[in-house]
Amino acid sequence: MEYPFEKIEKKWQNIWQKKKIFNAEDDTEKKNYYVLSMFPYPSGALHMGHVSNYSIADAITRYKMMQGFNVMQPMGYDSFGMPAENFAIQHHSHPRITTDENIKVMRKQFDMMGFGFDWEREVSTCHPEYYKWGQWFFKRMFEKGLAYKKTSFQNWCSECQTVLANEQVENGKCWRCESEVHQKELEQWFFKITEYAEELLDFSGVIDWPERVKTMQTNWIGKSQGTEIWFKLENSEQLIKVFTTRPDTIFGCTFMALPPEHPIIIEFLKAESEDSKMHRFCDKVLNEDSITRTAEDTIKEGFFTGKYAANPVNNERIQIWITNYVLMDYGTGAVMAVPAHDQRDFEFAKKYNIPMKLVIQNKSGDLILEEMADAYVEPGFLVNSGKFDGMDSQKSLKTISKWMFENKMGKETITYRLRDWGVSRQRYWGNPIPIIYCDDCGTVLVPDEDLPIKLPENVELGKTRQNPLLSVEEWVNVKCPQCGKSARRETDTMDTFVDSSWYFARYVDPKNDTLPFSQELAVKWLPVDQYIGGIEHAVMHLMYARFFHKFMRDLKLVNSNEPFARLLTQGMVTKDGAKMSKSKGNVVDPQYIVDRYGADTVRVFMLFASPPEKDVEWSDEGVKGAFRFLNRIWHLFAKNLELIKTYKDAASDDNKLKGEIKKLRYSTHFTIKKTLNDIENRLQFNTAIAAVMEHLNNVYAVKDVEKLNDFEKAVFAESCVAIPHLMYVFAPHLSEELWILIGNDRLLHDSGTAQFNEDFLVKDKITYAIQIMGKIRGKIKVSADATTEDIKKSALEVENVKKSIEGKNIVKMIVVPDKLVSIVIK
RNA sequence: GCGAAAGUGGCGGAGUUGGUAGACGCGCUGGCCUUAGAAGCCAGUGAGAGAAAUCUCGUAGGGGUUCGAGUCCCCUCUUUCGCACCA
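Last residue of the first sequence: 826 in the working numbering, with the numbers rising by one and none dropped.
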């Protein structure tokens, strides 16, 4: 018979809600603990990825509550963004309506799962009470010079008159109208995240983050030490600055590679006719979308401008080329090409017959330029480099940089791959940027008292593909806050990453209407103790949030350096080896599974199927297995309820216990220790659950419970009681029900963690494996107090061991305490 | 292409510091129960050889370090995630 999960789950969800046990207090004697899962985009129904994420977070939440912490686990919705806008267009509705509908459905499903969220702290980024503060932050950024406007190139579809995301560009064509996408220079708002580059490289403020996330962020920031070298344009006083990490190769520079966006190229173009070859080449490169441009397997192409610059170190003439492989955003946007010592330059020079010059010779001195099939990129000693000839190339880096600086040819500099964060979006469903453009006053901030700038509701979406805000005249036309004359609003909205960069802080004070949140509460709760979310956010979201947190610290809103102390990056839910997605048709609906087996079963399956940071492979049979396990627990209690009730508080510490009952007590205490350690120190829930399963098997192995004596019954009762006590964090409804059935009157979250007695874990015999030349040849059981000599002696007495070492000399014997004996023979 | 990670039975996975590979679950096989099935309970289950004791092989592939390697090092292959307007 199946246990009545439906009744039990509803019952406990109601009790938890009524008792408000998940509503965190701001003022309490208890220590605070903040558990946070990445908030979802409200897509309408929970999917398995959510269920997995929140099952992990909920287990941690409940565990910390048992430990006596005042735990806050809030939840909200990342509800702005392109998908909501597209969804509304498709359904001929308004994102405000569809989003609210979706949130209602999700909320119901959160409740059905029994997750312990503090709903009094709920936030939704598309609500004016929330996005007001995003505007407020934008203003503070602007005031500190951290928000600024510059032109940059964007994927542009002229048919739709709109900017396209990279994912909306398919093979260089617009996903909607299939017309060619080209790069258009547009004015965009940026946040100066590069200002914090150095600080973002420092992870000393976090307690426990996966190494790989730190590495990915470090690589993304891409700090590199190098030299800026100043080349003079021929017949001009103009300087072209290049950035290089290899100033040692400066004497080998034979040409210069620039992107078409480079200011000097734009200047060259002005002198050319519109249909000149140079114009056509630039247009072609610019029309490649940014993915193609940055991919390194793109075929390198170039166009010689016919212009030259002078190499400052020896005044040699350097050809100036326009290329498709140099990025305007990195370094100075110009590259000095040294074909003999850089593979990309080498290939390019071969293709276009550009001269090469060998300036680094290898140790044996046998490099011949004409015979080289590849660039020589290794260190060596300098040749053809004037007074630096013969110098070790690596040592020369500093020397040459210094010499160049002294002679006004360049300077040492640090460059980052990290670019400033472009936050402008030409879309409706986002947070309006609080800027007004006035003909007289220029760019003016909207005064704080006018915030929030609410999104106009009466827009027709989908009529044009342009930003719908452009056509809402009554919204766009405003009076200038400074001079009162007619002015226009900024119609760009902010990247939704802005909304998700500070939401964790809003939860501490979600209803504050004078500030984003109070400093007092932020200090109490931040940083988030445990953050849980997908690995796909390893770089962008997590880095933007770190940047925002440091910015909020500089505003004196928070007093910590990092937003998230511990980070757990959970894997995806897959089925048939692929991520669940509608297009693959391998989606399993949590609702269906909960209806059939209950929320506890789904949670247990999710947590048992793999460790949290790895992907979870969905398995219908596996779910049944989890359900079977919970049923076994239920039936154990149903059968022995009276006995457990009677004996649960009786003494079980009789030292004369023997046989299977002694083993059972060992199992109970060992399981408690192992499970708590797996949860607390390793966040490894799959092995924790496995340990409880194993223990349950041990309990089931005890037959004729009624025939046991009182002490033994107490041991048996104890072994049963441990199960709901440990399972509470994974299967809270079932555990809570059993806990109350056996006569406890405090709920489990308030009952402390299970306790174990170290005395019951002492073994009197220890098994040693015997290895000969690394192969297991036998096993011995020795008493726990045996000396190393005793162990060696008994190892050599084993028949099979004797046979293996016959006629050989024992060279060495190694005894690894509590594990094995290794014998080396010759 | 660049950056990051992963690869262990038929399947999901365990193996925490280099120390008995395969815990636990699924599946499969057999038994009990049942008129039968389902459910449940009990047992077996990496491959190969052998009557057995036991032996050989085995953690993507190849090499190395070590008394001992799934674990450490080098190379190769495959898969997954991210690459700045998806969130």
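Quick caveat, the hints were computed from the structure, so don't treat them as lab data.
Quantities reported herein were computed from a predicted structural model and do not represent experimental measurements.
A portion of the hints provided could be inaccurate.
Simulated pairs of lysine-lysine, BS3-like, Cα-Cα distance not exceeding 30 Å [stated by the list, open to error]:
1) 300 x 241
2) 11 x 624
3) 639 x 10
4) 300 x 350
5) 673 x 781
6) 11 x 639
7) 139 x 173
8) 703 x 139
9) 658 x 556
10) 351 x 363
11) 31 x 658
12) 31 x 214
13) 826 x 792
14) 624 x 656
15) 173 x 270
16) 763 x 674
17) 556 x 663
18) 18 x 31
19) 307 x 284
20) 284 x 173
21) 645 x 658
22) 7 x 18
23) 524 x 556
24) 402 x 307
Going through the hints against the structure:
no., hint, verdict
1, 300 x 241, "holds (22 Å)"
2, 11 x 624, "holds (23 Å)"
3, 639 x 10, "holds (24 Å)"
4, 300 x 350, "holds (11 Å)"
5, 673 x 781, "holds (24 Å)"
6, 11 x 639, "holds (22 Å)"
7, 139 x 173, "violated (36 Å)"
8, 703 x 139, "violated (72 Å)"
9, 658 x 556, "violated (64 Å)"
10, 351 x 363, "holds (29 Å)"
11, 31 x 658, "violated (43 Å)"
12, 31 x 214, "holds (28 Å)"
13, 826 x 792, "holds (18 Å)"
14, 624 x 656, "violated (41 Å)"
15, 173 x 270, "holds (29 Å)"
16, 763 x 674, "holds (16 Å)"
17, 556 x 663, "violated (58 Å)"
18, 18 x 31, "holds (23 Å)"
19, 307 x 284, "holds (20 Å)"
20, 284 x 173, "holds (14 Å)"
21, 645 x 658, "holds (24 Å)"
22, 7 x 18, "holds (17 Å)"
23, 524 x 556, "holds (14 Å)"
24, 402 x 307, "holds (29 Å)"
Of the hints listed earlier, those the structure fails to meet are numbers 7, 8, 9, 11, 14 and 17, in rising order.
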